[in-house]
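2 protein chains.
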Amino acid sequence: MTKPAPATDRAAAPLRDDGGAVDALIDALRRLPGVGQKSAQRMAFHLLQHDRGGAEQLALALHQANLRVRHCERCHTFTEAPLCAICSDATRDAKLLCVVETPADQAALERTGSYRGCYFVLQGRLSPLDGIGTRDIGAAELLARATDGTTEEVIIATSFTAEGEATAHVLGEALRARGLRATRIARGVPIGSELEYVDLGTIAHALSDRR
Amino acid sequence: MTKPAPATDRAAAPLRDDGGAVDALIDALRRLPGVGQKSAQRMAFHLLQHDRGGAEQLALALHQANLRVRHCERCHTFTEAPLCAICSDATRDAKLLCVVETPADQAALERTGSYRGCYFVLQGRLSPLDGIGTRDIGAAELLARATDGTTEEVIIATSFTAEGEATAHVLGEALRARGLRATRIARGVPIGSELEYVDLGTIAHALSDRR
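Heads up: the protein sequence lines correspond to chains A and B, in order. Going by the working numbering, the first residue of the first sequence is number 1, and it counts up by one from there. Going by the working numbering, the first residue of the second sequence is number 1, and it counts up by one from there.
Where hints are given, some of them may not hold.
[As the list claims (entries may be wrong)] So the derived label-pair ranges between C-beta atoms look like this:
| no. | chain 1 | residue 1 | chain 2 | residue 2 | range |
| --- | --- | --- | --- | --- | --- |
| 1 | B | I203 | A | H50 | 56 to 64 Å |
| 2 | B | G133 | A | I185 | 51 to 59 Å |
| 3 | A | R52 | B | G53 | 23 to 31 Å |
| 4 | B | G192 | A | S159 | 35 to 43 Å |
| 5 | A | K38 | B | I185 | 18 to 26 Å |
| 6 | A | G36 | B | T161 | 16 to 24 Å |
| 7 | B | V198 | A | K38 | 16 to 24 Å |
| 8 | A | D209 | B | T202 | 49 to 57 Å |
| 9 | A | G34 | B | A140 | 33 to 41 Å |
| 10 | B | G192 | A | A81 | 52 to 60 Å |
[Said to hold, decoys possible] Now the stretches of chain B that chain A is said to cover, found in silico as 3 or more residues with beta-carbon under 8 Å:
| no. | region |
| --- | --- |
| 11 | 21 to 30 |
| 12 | 60 to 71 |
| 13 | 99 to 113 |
Calculated directly from the structure, the hints in this document are not laboratory data. If you're wondering where the values come from, they're calculated on a predicted model, not measured in any experiment. Where is the CB? At the ideal position from N, CA and C, for every residue including glycine.
Extracted from the complex, chain A is given alone in its bound form (with noise of 0.2 Å):
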């Protein structure tokens, strides 16, 4: 155990009596992300009780993405290379870098098949109240990518969140005070939306921004 598991809600325990190790595996499923005490504890039965093969296999997932997993030298994506396979690929478009925040983010941009360029993953967003300031998400390495001589146009792609858009006016105005080319992906209605039920923030996007 590398950190002190989360305390647990005592109200919702106690299930093992003499061990803890439905317990331990219980507090170590309450780390993952939208899984509370029920959901951890569903969890951990339904693995101790019909899917034991699938318990050793998500352990031995685990250590080996532990192990192996680490981030692209340039892009900072997920790899287990030194490069990652879009940026050793010399098809991809140099001159265009995308900004996003987090590995699955690009997966998502490249599902959409219409993005041949480049790509900077961020660690995440900036949130000044969580303490996450722009040390936090690598906006120095950014700098330093985009202003290595090839790239022509940033294009950055936070999220449409106020975090989201913080984070793209600060690196947007840092790109620009090195000479870059910043752009920003286009608000608008999604496809298939009824503007009936599409808020009215992005109704005067979609607006302004019309073309």
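Assemble chain B onto chain A, guided by the hints.
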């Protein structure tokens, strides 16, 4: 890996590039109940990006639980000793035996603090459509346990779902055929409910079971 990973939704893949440790982790996380592709991705990224210690803790807890957790010889709940704490507790009323579907249900009953008898934990409930019969849920072990000479009343506390009710019916018949007193926990209106919002079947039962 003790079992092959389930087929993943390849439309929502590929996140990794060269190796496969991230994908293997996502596949393994998807074996948890209630976890789909998106949640598994989010969990994997969270662990790799922000909580490597949590990943190692979970790997260890899974491995330890797999290694140490077994079923109590008397009541079949999870334990790390041959007998669980409740079965080893001489102050529990050996004349009462409460039958539940899972260790989680047993834990819920224990938390009420209103039951001081013993338990028998089934391996789930009857589900003929899924091929789960009396043999799979441990009915024979229950009958052996209930006819050991100390039990006077078997309280059947399976769920009030169709499958839980069928299980209760089958077990009740078998127990009564062996001259044992088999009772069922009460159906009725949950505490805190307004009648208006309670389903009609429950109200009908609460009426007929009035006391």
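Here is what the structure says about each hint:
1. Our hint of 56 to 64 Å for B/I203 and A/H50 is violated, since their Cβ atoms are close to 35 Å apart.
2. For B/G133 paired with A/I185, a C-beta distance near 56 Å keeps the hint of 51 to 59 Å intact.
3. Between A/R52 and B/G53 the Cβ separation comes to about 25 Å, which falls inside the hinted range of 23 to 31 Å.
4. For the pair B/G192 and A/S159, the supplied restraint of 35 to 43 Å holds, since their beta-carbon distance comes to about 39 Å.
5. Checking the proposed 18 to 26 Å range against A/K38 and B/I185 shows it holds: the Cβ atoms sit about 21 Å from each other.
6. Hint check: A/G36 to B/T161, Cβ distance near 23 Å, so the stated range 16 to 24 Å holds.
7. Taking the beta carbon of each, B/V198 and A/K38 are about 23 Å apart, inside 16 to 24 Å as hinted.
8. In this structure, A/D209 and B/T202 meet the distance hint of 49 to 57 Å, their C-beta atoms being roughly 53 Å apart.
9. Take A/G34 and B/A140: their Cβ atoms lie about 40 Å apart, and the range 33 to 41 Å holds.
10. For the pair B/G192 and A/A81, the supplied restraint of 52 to 60 Å holds, since their beta-carbon distance comes to about 57 Å.
11. With 7 residues carrying a beta carbon less than 8 Å from a beta carbon of chain A, the region 21 to 30 of chain B meets the three-residue requirement, and the given coverage holds.
12. For a cut-off of 8 Å, the count of residues in the region 60 to 71 of chain B with a CB near a CB of chain A stands at 10, and the three-residue condition holds.
13. Coverage of the region 99 to 113 of chain B by chain A holds. Counting CB-CB distances below 8 Å, 5 residues qualify, and the rule asks for three or more.
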